[in-house]
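**Student:** Chain by chain, the residues run as shown.
Number of protein chains: 4
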Amino acid sequence: MIIVLKKRESNTAVEDFKKYLEQKYNVGVHVSVGYDSVVLGLIGDTSAVDEESIKAQEIVQEVKRVQEPYKKANRKFHPENTVITLENGLKIGDGNVTLIAGPCSVESEEQVTEVALSVKKSGAVILRGGAFKPRTSPYAFQGMGADGLKLLKKARVKTGLPIISEIMSASQLSLFEDVDIIQVGARNMQNFDLLKELGKQNRPILLKRGLSSTIDELLMSAEYIMSRGNEQIILCERGIRTFETKTRNTLDISAIPVLKKLTHLPVFIDPSHASGLPWLVEPLSMAAVAAGADGLIIEVHNNPAKALCDGAQSLTPKAFENSVKNIKKIAEAMGKTI
Amino acid sequence: MIIVLKKRESNTAVEDFKKYLEQKYNVGVHVSVGYDSVVLGLIGDTSAVDEESIKAQEIVQEVKRVQEPYKKANRKFHPENTVITLENGLKIGDGNVTLIAGPCSVESEEQVTEVALSVKKSGAVILRGGAFKPRTSPYAFQGMGADGLKLLKKARVKTGLPIISEIMSASQLSLFEDVDIIQVGARNMQNFDLLKELGKQNRPILLKRGLSSTIDELLMSAEYIMSRGNEQIILCERGIRTFETKTRNTLDISAIPVLKKLTHLPVFIDPSHASGLPWLVEPLSMAAVAAGADGLIIEVHNNPAKALCDGAQSLTPKAFENSVKNIKKIAEAMGKTI
Amino acid sequence: MIIVLKKRESNTAVEDFKKYLEQKYNVGVHVSVGYDSVVLGLIGDTSAVDEESIKAQEIVQEVKRVQEPYKKANRKFHPENTVITLENGLKIGDGNVTLIAGPCSVESEEQVTEVALSVKKSGAVILRGGAFKPRTSPYAFQGMGADGLKLLKKARVKTGLPIISEIMSASQLSLFEDVDIIQVGARNMQNFDLLKELGKQNRPILLKRGLSSTIDELLMSAEYIMSRGNEQIILCERGIRTFETKTRNTLDISAIPVLKKLTHLPVFIDPSHASGLPWLVEPLSMAAVAAGADGLIIEVHNNPAKALCDGAQSLTPKAFENSVKNIKKIAEAMGKTI
Amino acid sequence: MIIVLKKRESNTAVEDFKKYLEQKYNVGVHVSVGYDSVVLGLIGDTSAVDEESIKAQEIVQEVKRVQEPYKKANRKFHPENTVITLENGLKIGDGNVTLIAGPCSVESEEQVTEVALSVKKSGAVILRGGAFKPRTSPYAFQGMGADGLKLLKKARVKTGLPIISEIMSASQLSLFEDVDIIQVGARNMQNFDLLKELGKQNRPILLKRGLSSTIDELLMSAEYIMSRGNEQIILCERGIRTFETKTRNTLDISAIPVLKKLTHLPVFIDPSHASGLPWLVEPLSMAAVAAGADGLIIEVHNNPAKALCDGAQSLTPKAFENSVKNIKKIAEAMGKTI
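Protein chains in written order, with the working numbering: chain Z, 1476 to 1813; chain H, 1476 to 1813; chain L, 1476 to 1813; chain U, 1476 to 1813.
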């Protein structure tokens, strides 16, 4: 961290500030006196140094963080890719493309089973399905809850597909004991109490980026979980909020190569939520794989028009089957398998 | 709700769709056949009608919501301003300006008491103080927790000021039993599980707008709480995320008159978090009052440079005293008292 | 266009408004009286109807445009892709991927020739080079001007590559007489006076999307040019402005399939300006081709560190050569050639 | 400017880079060798130093600009407020609030005269009126052009009010010879060729902030004009583009105090374009004055429903009269006159 002091500070003031930093943050401080400014360089682990607090000092003009504030998630300290292995042996982040698919919300045994069988046939290796649904309106369908998770597990038995579902509160953790991957939705990316509890679990977490969260904030949320012990994190970009209204959100495709550079964690894309439009799922999926994504999470519904939530963006099983064929072509061109 | 159908749909298809809508949502449907399009008008309570689901229908070209999706928060159905009365008789939303002030986080008995006494003297009528702090970094100070709430209550005894503090999870509710106003932070605005629990409380809630939440979404989150029975909500605009970097966030000043038109709930502004800069708190507060805000929530610290969090944006007690004088001039010009 | 009137308007008022619309805009108006609202449907060409003006009418509650406001650029009225043929026979928009490359700004004969020869060898078929540079600072290098164009033409003679360069004002048109494709930069996307003049030219125009322009606005700017007679337009997405700071702008990858659906014009991507970082050019290019882009425009400099502008985002000729190999793999997977 | 070099660079490489900087930019360079990084401090005038170019150097890790890149517009080098005096003696930026009002576009002699007389009576001291209109659609009314300017001048004769109108291209300059203040619209804020020409004029320029332009970019555009000799610039915030759709744009109220701190130029607000809604003009104007704005530019039309452009956001003369009364109360509370 580089700290530029205001002009014409006395030597005593500079010396006092240096000592304050050394003691408060347990870092070394290198002082450099230039022609018209004094620059301090902080040496050591600056991840706990609060930029805002530094800026609040009368003596300080500018602060520039040079080191990233995340450690466990940082590729610098962990150069190899994190590979997550599920109970059935499926590997995530091993250089190939993992396909997750399923309905937005679990609605009935028939529905989730039918979708599960069809997406498996088309190439999906993990089944998604919402039991607890974060809905903007209190009057909208809120998900089947615990019963939804039961149906999802039944579909796992029938298909052999590991399952992923979204958690909305730490109080639901006991219900998720048997779920293969726990998903944290965009609206809960900075629900720090939930993140802390997930840090104590021994289960992979798929962490979605918030609608207006920066890449650094996403990594800091991963760091929350990792710093408590759970290092099995999958990051997921699902569109950010911009002024453009043709798509529900704007898929930040650059987030893939940027995250792959900054962190060793697997990076997934959710083209269904990013666009909100079924006909965009295929081209965005192909783009994501070409940009280096480790996986995709796609909504598929056997009857989108009758879906209890988010039907507008769901693919039919047939459309999904066709799209996977085209996505596979890109994966193959990248030397990867789906 | 107006639904425009695609061209050249058969009469049977239109009739089937009409019946589907009537049964699923319990609404009336008026069909209007134009030259080159069929338009359906939904009659009755459409708040539970899911736009996304309607858009997913093959037959549909466009959907336009005419009625707002919130009811309890809607000024149309509740024209008079909601006035909230605290235990000590203080009224919020009665046409005057309520001043909340205090430290970002409670750090010690001396600190919170000193700040409380000074802000009271300057004109604040409610004391704020964070006990549980939502921090981007897991390595940053996370607040004093339950002990912080105890110190805040001590300061209430000493000053007579009602207190407000931020809750981060429904599991903390028992600790907040005695807190006068419960604050929901921007990052938890769509933590729907928390909102549902707060809907069962008999205590005023100050609900902050999320960093990238629309005004409609803020109102829908208020509706979550209100639909469970608790109608004592204070809305708070605290800056939204844009491309501008001179300020930490961009204060959406228009949100004040827009919200005052759409809802009967009191509207507050947090100029400290909106700007992140202490010298902007005064002009933004003055602007907020001039635009019709019902209250302000301002960070004050007796030693900003030593604050354990967000010191950069805190006013000193002296600066706060001076700012209140100028803010009062605007309130007076508006015919209001602070 | 659907217009929803306010409740309880008199029949006379509705009839008067109907006549006003018919006369002012030369459209048919279909009136539909519902239970609690009157809906008007406008029939005919509504592209000249001003939504804002309609909204200003006392009688109007809501307006919803159903028809797109652009005609010449609209795929509905021109289903086949527009294919642009340059003088040397090169086709743009014919289903393959066109590669444009070259330095941000022309700096010397040696520089532009060296870069031109190398990018041609790697697969570029058009040479880019800035002569007039739109720079944020008046103190920054503003381009070589007319001399730069001369050097660019010399490089064309030596390599046989058609050339593209950015125009900044209609007063420069005579200098661009011999330039194969005229580029309109993001900052001039709504310089309507320039667009009108370009509409009279018989030369292809590459029109870049503004930093905060919507897809509809980009199409309306194309419509400005087309409505004056010049229908040879290439659209170019080059990143939009968001809150994310890891990349200079956020590449809106969804704009490719969305534009391909809405319009028959070719769609290009500029990964260099979108990201501002050389190591992102390759993955973003691959993603763009996978999402269906018709072409790429990439900055290449023989000595990025010494470039007079935007060096930070330029590829070296060697890096460009390597990237093209990987981009070609994606094109091949799509059944296209570069 | 502070430049942080990558770790473990050789002394020779550092020395070479130091010489390169000194020669290219004519600045002094102070080298500071820390524990694990080398930091360079640039001394002297760094406004011409291109950050992007510095970042492109292999040796560089981070760049931080400490000095602002604008000089003429910078309050540091010109602490007193710029006061602009029009021919009729009217002063702008002298600590009071200047009221500009008039129709979006000039439509007829009757219209502009009637509006001019009424806004003058209500307190406006400058008349606005568009002759050349930047419209998103080529099919929308483009303004009366030269004839519109003539009518505006006639209204000036009748009312004695100085006039302001928007220029769209340097080729129109001769038509604006007699216009008191030349306006540059948001879409032309970075039309650098136009800015350069305006720098040679001896007339005040009202420069509007672009829809997605940062405060620094606005100041750099002012610097373009000032660096050519014309230092009579009025800056105008008119709303930026965000995700919120309740208002046409989001008024960045913080821009007022931020600009007042950074520059000595007068700062105006355009509440009509910022909101797009007539009922928001009054509260936003009051907020702007409370935040320290030097002036307001407001759209008034004698028949908004019949306006040829932007009628939706225009006030009637009567509404304007009432609003001015309330705005004056705020100005008085600030110790200013309107």
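To be clear, the hints were calculated from the coordinates, so they are not data collected in a lab. Since the structure is predicted, the reported quantities are computational estimates derived from the model, not experimental observations. It is possible that some hints are incorrect.
The list treats identical chains as interchangeable, and a pair is accepted whether it falls inside one copy or across any two copies.
Below, simulated DSBU-like cross-link-like pairs (lysine-lysine); rule was C-alpha separation at most 30 Å, straight line [to be verified]: (1) 1493 with 1551; (2) 1566 with 1803; (3) 1551 with 1566; (4) 1629 with 1721; (5) 1481 with 1628.
**Student:** Are the hints correct? Go through all of them and say.
**Tutor:** Here is what the structure says about each hint:
1. In this assembly of identical chains, residue 1493 and residue 1551 lie within 30 Å of each other by CA distance both inside one copy and across copies; the values are 28 Å within and 28 Å between.
2. Taking the shortest Cα distances, residue 1566 and residue 1803 sit within 30 Å of each other both inside one copy (18 Å) and across copies (29 Å).
3. In this homomeric assembly, residue 1551 and residue 1566 come within 30 Å of each other (Cα to Cα) only inside a single copy, at 23 Å, whereas the closest approach across copies is 46 Å.
4. Taking the closest pair of Cα atoms, residue 1629 and residue 1721 never come within 30 Å of each other, the shortest separation being 38 Å inside a single copy and 43 Å across copies.
5. Proximity of residue 1481 and residue 1628 under a CA criterion of 30 Å is satisfied in neither setting, with 62 Å inside one chain copy and 40 Å between copies.
Consistency note: the structure conflicts with the earlier hints numbered 4, 5.
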